[in-house]
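A.B. asks: Which chain is which? The protein sequence lines are W and Z, in order.
At position 304 of the first sequence the residue is numbered 304 (the UniProt record's numbering), and the sequence of numbers has no breaks.
At position 381 of the second sequence the residue is numbered 381 (the UniProt record's numbering), and the sequence of numbers has no breaks.
Quick caveat, the hints were computed from the structure, so don't treat them as lab data.
All C-beta atoms in this analysis are idealised placements derived from N, C-alpha and C, irrespective of residue type, glycine included.
Incorrect hints may appear among the rest.
[Said to hold, decoys possible] Simulated DEER-style distance windows between Cβ atoms:
1. Arg395/Z - Gln148/W: 27 to 37 Å
2. Pro328/Z - Gln308/W: 30 to 40 Å
3. Gln285/Z - Ala360/W: 34 to 44 Å
4. Arg67/Z - Asn325/W: 33 to 43 Å
5. Asn325/W - Arg395/Z: 54 to 64 Å
6. Pro328/Z - Pro399/W: 53 to 63 Å
7. Arg218/Z - Asp133/W: 38 to 48 Å
8. Arg390/W - Met360/Z: 32 to 42 Å
9. Gln97/Z - Gly400/W: 32 to 42 Å
[Claimed, not checked] Okay, derived cross-link-like pairs now, DSSO-like style, lysine-lysine, Cα gap no bigger than 27 Å in a straight line:
10. Lys117/W - Lys343/Z
11. Lys109/Z - Lys88/Z
12. Lys167/Z - Lys117/W
13. Lys328/W - Lys88/Z
14. Lys95/Z - Lys117/W
15. Lys117/W - Lys266/Z
16. Lys95/Z - Lys121/Z
17. Lys88/Z - Lys117/W
18. Lys117/W - Lys447/Z
19. Lys328/W - Lys266/Z
20. Lys117/W - Lys302/Z
21. Lys117/W - Lys392/Z
22. Lys117/W - Lys114/Z
23. Lys317/Z - Lys328/W
24. Lys317/Z - Lys117/W
[What the hints assert, rightly or not] Calculated Cβ distances over 12 Å to all of chain Z for the following chain W residues:
25. Leu82
26. His87
27. Phe121
28. Pro188
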Amino acid sequence: MSQKNWSRRSVLSAATLLGCSAAASPLITPITLASAPWDHRLVVIILRGGMDGLDVLRPVGDPHYAGLRAGMLQGAQPGLDLDGFYHMHPALAPLMPLWRRQQLGFVHAVSTPYRNKRSHFDGQDLLEAGTADLARGGRDGWLNRMLQAEQGLSGQTAFAVGHENMLLLRGAAEVANWSPDTALALSPQGTRLAELVMHDDPAFHDAFMEAQALITGGGMEQGMAHDLPEMAPDMGMVMDSQTNGRPAGIKAIAGFAAERLLQDTRIAAFSIGGWDTHRNQARGLNSALDQLAQAILSLYTGLGATWQKTAVLAVTEFGRTARINGTKGTDHGTGGAMLLAGGALRGGKVYGQWPGLSEADLFDRRDLMPTGDVRAYAGRIMRDLFGLNRAVIEGSIFPGLDMSDTPDLLL
Amino acid sequence: MAVSGPVDGQTARHLQLGLEQDRTGLAALRTLGMTFDPILAEKRFGYGLSPRPELAPPHSVAEMLARLRSADRMLVTFPVDGFDRVQKRAATAQKIQRQIRQARSAAQKAAADKRLKTLFKAGRQAERAWLWSVMMRRVWTRDAFRERLVAFWGDHFTARGKNGAVKRAAAAYVDTAIRPYLLGRFEDLLIAAVTHPLMLHYLDQIQSTGPNSLKARRKNGQLGLNENLAREVLELHTLGVEGTYSQRDVRQLAELLTGLTATPQKGRVFRAELAEPGAEEVLGQLYGGGRARLRDIHAVLKDLARHPATARHIAQKLAVHFISDTPPADLITALERAYLDSKGNLPTLYEVLLNHPAAMDPVLHNIRLPDEFVAAAMRALAVSPDRYYQLKRGRPREQFIVQLFQRPMEIMGQPWLSPLGPDGWEEGDANWLTPQGLTSRLHWALKAPERLTDALPDPRILVTEALGAEAPPAVRFAASAAEDRREGVALVLASPAFQRK
Chain W
1 MSQKNWSRRS VLSAATLLGC SAAASPLITP ITLASAPWDH RLVVIILRGG MDGLDVLRPV
61 GDPHYAGLRA GMLQGAQPGL DLDGFYHMHP ALAPLMPLWR RQQLGFVHAV STPYRNKRSH
121 FDGQDLLEAG TADLARGGRD GWLNRMLQAE QGLSGQTAFA VGHENMLLLR GAAEVANWSP
181 DTALALSPQG TRLAELVMHD DPAFHDAFME AQALITGGGM EQGMAHDLPE MAPDMGMVMD
241 SQTNGRPAGI KAIAGFAAER LLQDTRIAAF SIGGWDTHRN QARGLNSALD QLAQAILSLY
301 TGLGATWQKT AVLAVTEFGR TARINGTKGT DHGTGGAMLL AGGALRGGKV YGQWPGLSEA
361 DLFDRRDLMP TGDVRAYAGR IMRDLFGLNR AVIEGSIFPG LDMSDTPDLL L
Chain Z
1 MAVSGPVDGQ TARHLQLGLE QDRTGLAALR TLGMTFDPIL AEKRFGYGLS PRPELAPPHS
61 VAEMLARLRS ADRMLVTFPV DGFDRVQKRA ATAQKIQRQI RQARSAAQKA AADKRLKTLF
121 KAGRQAERAW LWSVMMRRVW TRDAFRERLV AFWGDHFTAR GKNGAVKRAA AAYVDTAIRP
181 YLLGRFEDLL IAAVTHPLML HYLDQIQSTG PNSLKARRKN GQLGLNENLA REVLELHTLG
241 VEGTYSQRDV RQLAELLTGL TATPQKGRVF RAELAEPGAE EVLGQLYGGG RARLRDIHAV
301 LKDLARHPAT ARHIAQKLAV HFISDTPPAD LITALERAYL DSKGNLPTLY EVLLNHPAAM
361 DPVLHNIRLP DEFVAAAMRA LAVSPDRYYQ LKRGRPREQF IVQLFQRPME IMGQPWLSPL
421 GPDGWEEGDA NWLTPQGLTS RLHWALKAPE RLTDALPDPR ILVTEALGAE APPAVRFAAS
481 AAEDRREGVA LVLASPAFQR K
């Protein structure tokens with residue numbers, strides 16, 4: 001049984017088990033009847049904490065690099081050669097096959113318009129707001145404004161996965177939100193009684209039924225799952241992640257995103273933390289990159305043939321200092337790298353204009369100088385993926401952005 | 001803990017007593033010819049019912065207002081550190097940060113780093129203790145409308161610390177800038193909130209310098225104007241986004257606000273050397289022009305408070321928050337007129353709101369926000385303050401707050417006192433009544449009550465205690481048919497009748 005059929009069937013089963021007809025369920029209707037406006041898929045991963053682009057994508061061909069990073073690279077595992085100039089951090093080795101298939105790429109020396117203050121709080125707000133400054137920021141996110149620009153979307157078109165209320169997707173357009181570790185420890189009897197209690201309040205009833213379908217569809221073990229024994233073998237991965245009530249692991253999050261993307265969802269967003277490597281970066285960055293690699297591979301596996309129509313972009317609020325600090329780490333900087341993946345991508349390439357690392361080339365004599373705007377690359381991908389009008393991107397999604405020089409990133 | 005067995009004698013008496021009290025109360029009111037429904041009032045304008053007889057709902061609008069005017073007992077019973085404590089921590093943090101920069105050895109730096117860490121930890125622990133105090137006020141007050149008003153105005157004037165020692169100071173801000181001003185004029189509340197150090201920090205007023213000020217000229221134009229506070233004062237605090245003001249008004253107000261700033265040592269200060277020289281024109285009115293002074297800023301805030309657009313904006317917000325996402329137009333008009341006639345006297349507004357027929361609309365429209373839901377559940381369970389105070393200081397207390405409140409409320413979509421933007425929390429029910437939102441509330445209702453009470457109540461009693469004698473039959477049935485107390489309690493708390501207000 002394909003994953004798509006499995007999910008859809010479990011949604012139907014959940015509704016039927018609760019004694020409501022499929023036609024009457026608010027969830028079934030959009031899933032089976034609504035036609036998605038686009039066929040391509042976009043996944044945005046926010047890397048919270050400030051990823052060190054200079055360590056993830058090492059510009060070993062730059063004559064100043066070794067000197068700046070000597071204390072950190074000594075004795076460390078060597079990077080993986082991408083094109084002679086750039087080496088990829090060894091923790092991303094699991095993604096090497098994607099690079100060879102040209103389904104992985106990077107942009108180096110990019111940043112948001114955020115300068116000088118280097119605060120995570122403001123940096124992430126600006127990254128997600130997609131504006132030039134925060135005077136008008138903090139209200140809605142660029143992915144939500146993109147949804148607002150399009151007609152005929154359903155509430156399932158975009159999905160924020162995980163527990164946070166991401167600014168990136170916040171705004172006037174309706175967006176679905178779910179975390180695959182949301183379990184409901186109700187007994188089968190309790191579940192039926194809950195449905196009874198909600199029954200006469202349509203808004204509550206709709207939300208409850210939709211949640212039931214998502215929980216069952218996501219493979220959670222709870223009341224209803226007991227009635228669906230044939231689903232059990234498929235649930236292993238997700239169940240692992242919610243043992244002891246811990247938050248869902250990244251595999252579960254990315255796997256859930258893939259599952260929604262196989263249905264009516266076209267845009268998914270989630271975030272990965274752990275990039276704020278002020279000390280002992282070699283260790284901290286390894287685990288954060290491992291999470292990122294797992295997320296991308298889970299999307300790749302989960303999406304199957306749909307991977308060919310997918311673009312993934314992973315962006316961070318700022319890069320880190322060019323020099324290492326006294327505790328084998330790096331501090332908040334400016335320019336950094338963004339990661340691109342997906343079968344729709346023209347990958348196997350590092351995009352962007354390299355500014356150099358001599359002291360005079362650095363921003364403030366301390367950070368990698370940004371030569372490109374992450375928003376321009378994100379905008380270009382949205383334009384090519386979904387056929388969005390450039391004026392809309394430069395006017396309302398990323399107000400004031402000039403994306404004239406961005407290269408063609410998709411196949 | 002099954003409750004499906006026969007009801008014991010004491011339980012039966014309890015049930016009976018509860019029903020009788022409600023019946024006699026209502027009957028008495030009906031004979032008086034009043035339409036005020038105490039239970040409805042406690043749900044809509046408070047945090048729901050409490051099983052404690054001393055916390056019985058008010059019997060009339062007059063009693064609600066009298067309770068509101070009486071001494072603020074909860075402030076004393078469940079204190080929150082004043083903002084002065086936060087201020088002190090901020091000043092100490094600044095001193096330590098200077099020591100870190102000037103450290104002559106690694107050991108010196110490490111020692112200072114450690115002091116800073118301890119200081120921030122104290123701030124974090126204070127914030128968690130505040131959460132408990134704020135919840136306990138909602139649980140143990142006879143005057144729940146006051147607590148709702150504190151939350152409402154605290155949200156209208158959202159401010160939070162962005163970094164360092166003020167990062168976790170929002171509760172202290174609400175207690176100093178909002179709570180003392182609930183019963184005055186809107187303009188006094190506006191001035192208190194807008195000129196509070198935390199607001200000046202949150203909306204970047206501290207960074208704002210008049211482009212032609214003495215200070216900016218000395219620094220050769222490296223300092224400049226920041227419009228953030230001015231814009232939000234117009235758009236969020238006073239006129240509203242539909243008010244007619246232009247970018248020029250924003251700019252002029254921003255220039256007028258220059259000089260208003262705050263330091264960790266002194267709190268709010270006015271520094272003439274930061275002020276833009278010359279008069280500013282906001283909405284056609286000229287301010288200042290002479291020696292820069294705080295009084296001109298107060299004057300513009302007072303005028304903005306008395307603007308008709310502000311009356312409309314505040315009327316709309318109150319009606320939406322307390323009545324429904326789509327409140328009756330005549331309620332908004334009545335509030336607007338009361339605002340204009342009374343020059344923004346807040347108790348007059350409350351009185352109009354409480355006396356309007358919409359206040360006693362038997363249909364519950366709004367859904368409680370997560371923090372209201374959690375507070376209402378704890379009130380229905382009469383959670384004792386000792387659940388927290390009996391825990392060891394430090395980690396056990398912190399974990400209790402994180403596990404039972406901070407983390408669950410984040411999952412419900414409302415991280416404690418941390419809305420994404422200065423516009424505060426969304427009012428629209430659709431934002432909260434999502435699959436994730438509803439499931440996380442149900443999940444909390446299943447897990448938290450056991451840790452918050454010595455023994456879970458009998459769900460069949462809880463249903464009356466929490467929802468009144470006229471609880472929906474489906475909830476009453478579910479409470480009695482649940483397979484154990486835990487699920488029975490959760491079903492009552494998760495029911496629409498409990499989650500709506």
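A.B. asks: Does each hint fit the structure? Answer for all of them.
C.D. replies: Hint check:
1. Between Arg395/Z and Gln148/W the beta carbons are some 45 Å apart, a value that contradicts the proposed interval 27 to 37 Å.
2. A hinted range of 30 to 40 Å for the beta carbons of Pro328/Z and Gln308/W is inconsistent with their spacing of about 54 Å.
3. At about 51 Å, the CB distance of Gln285/Z to Ala360/W disagrees with the hint of 34 to 44 Å.
4. Taking the beta carbon of each, Arg67/Z and Asn325/W are about 57 Å apart, not inside 33 to 43 Å as hinted.
5. As the Cβ distance of Asn325/W to Arg395/Z is approximately 30 Å, the hint placing it in 54 to 64 Å is violated.
6. Checking the proposed 53 to 63 Å range against Pro328/Z and Pro399/W shows it is violated: the Cβ atoms sit about 37 Å from each other.
7. Checked against the given bound of 38 to 48 Å, the beta carbons of Arg218/Z and Asp133/W, roughly 25 Å apart, lie outside it.
8. At roughly 55 Å, the beta carbons of Arg390/W and Met360/Z sit outside the given window of 32 to 42 Å.
9. One distance hint, 32 to 42 Å for the beta-carbon pair Gln97/Z and Gly400/W, holds here, with the actual separation near 35 Å.
10. A threshold of 27 Å between alpha carbons decides the hint, and for Lys117/W with Lys343/Z the separation of about 42 Å lies outside it, so the pair is violated.
11. Annotation: proposed proximity of Lys109/Z to Lys88/Z holds, straight-line Cα distance about 22 Å (limit 27 Å).
12. At most 27 Å may separate the alpha-carbon atoms for a hinted pair to count; Lys167/Z and Lys117/W meet this at roughly 16 Å.
13. Of the pairs offered as hints, the one joining Lys328/W and Lys88/Z is violated, with about 33 Å between alpha carbons and a cut-off of 27 Å exceeded.
14. Of the supplied pair hints, the one linking Lys95/Z and Lys117/W holds, its CA atoms being roughly 20 Å apart against a limit of 27 Å.
15. With a C-alpha separation of about 24 Å, the suggested pair Lys117/W and Lys266/Z falls inside the 27 Å cut-off, and the hint holds.
16. About 17 Å separates the Cα atoms of Lys95/Z and Lys121/Z, which keeps this hinted pair within 27 Å; it holds.
17. Of the supplied pair hints, the one linking Lys88/Z and Lys117/W holds, its CA atoms being roughly 24 Å apart against a limit of 27 Å.
18. A threshold of 27 Å between alpha carbons decides the hint, and for Lys117/W with Lys447/Z the separation of about 42 Å lies outside it, so the pair is violated.
19. Restraint check: the Cα-Cα separation between Lys328/W and Lys266/Z comes to about 38 Å, which exceeds 27 Å; the hinted pair is violated.
20. Pair hint Lys117/W plus Lys302/Z does not hold up; C-alpha atoms about 34 Å apart against a cutoff of 27 Å.
21. Taking the CA atoms of Lys117/W and Lys392/Z, the gap is about 39 Å. The hint is violated against a cut of 27 Å.
22. Annotation: proposed proximity of Lys117/W to Lys114/Z holds, straight-line Cα distance about 24 Å (limit 27 Å).
23. Taking the CA atoms of Lys317/Z and Lys328/W, the gap is about 52 Å. The hint is violated against a cut of 27 Å.
24. Using a Cα cut-off of 27 Å, the hinted pair Lys317/Z and Lys117/W is violated, with the two alpha carbons roughly 35 Å apart.
25. Distance check for Leu82/W against chain Z: the nearest CB is about 37 Å away, which clears 12 Å, and the non-interface claim stands.
26. Once the 12 Å rule is applied to beta carbons, His87/W is consistent with being away from chain Z; the minimum gap is 32 Å.
27. With 12 Å as the threshold on Cβ separation, the claim that Phe121/W sits away from chain Z is violated: the shortest Cβ distance comes to roughly 5 Å.
28. Distance check for Pro188/W against chain Z: the nearest CB is about 9 Å away, which does not clear 12 Å, and the non-interface claim fails.
Consistency note: the structure conflicts with the earlier hints numbered 1, 2, 3, 4, 5, 6, 7, 8, 10, 13, 18, 19, 20, 21, 23, 24, 27, 28.
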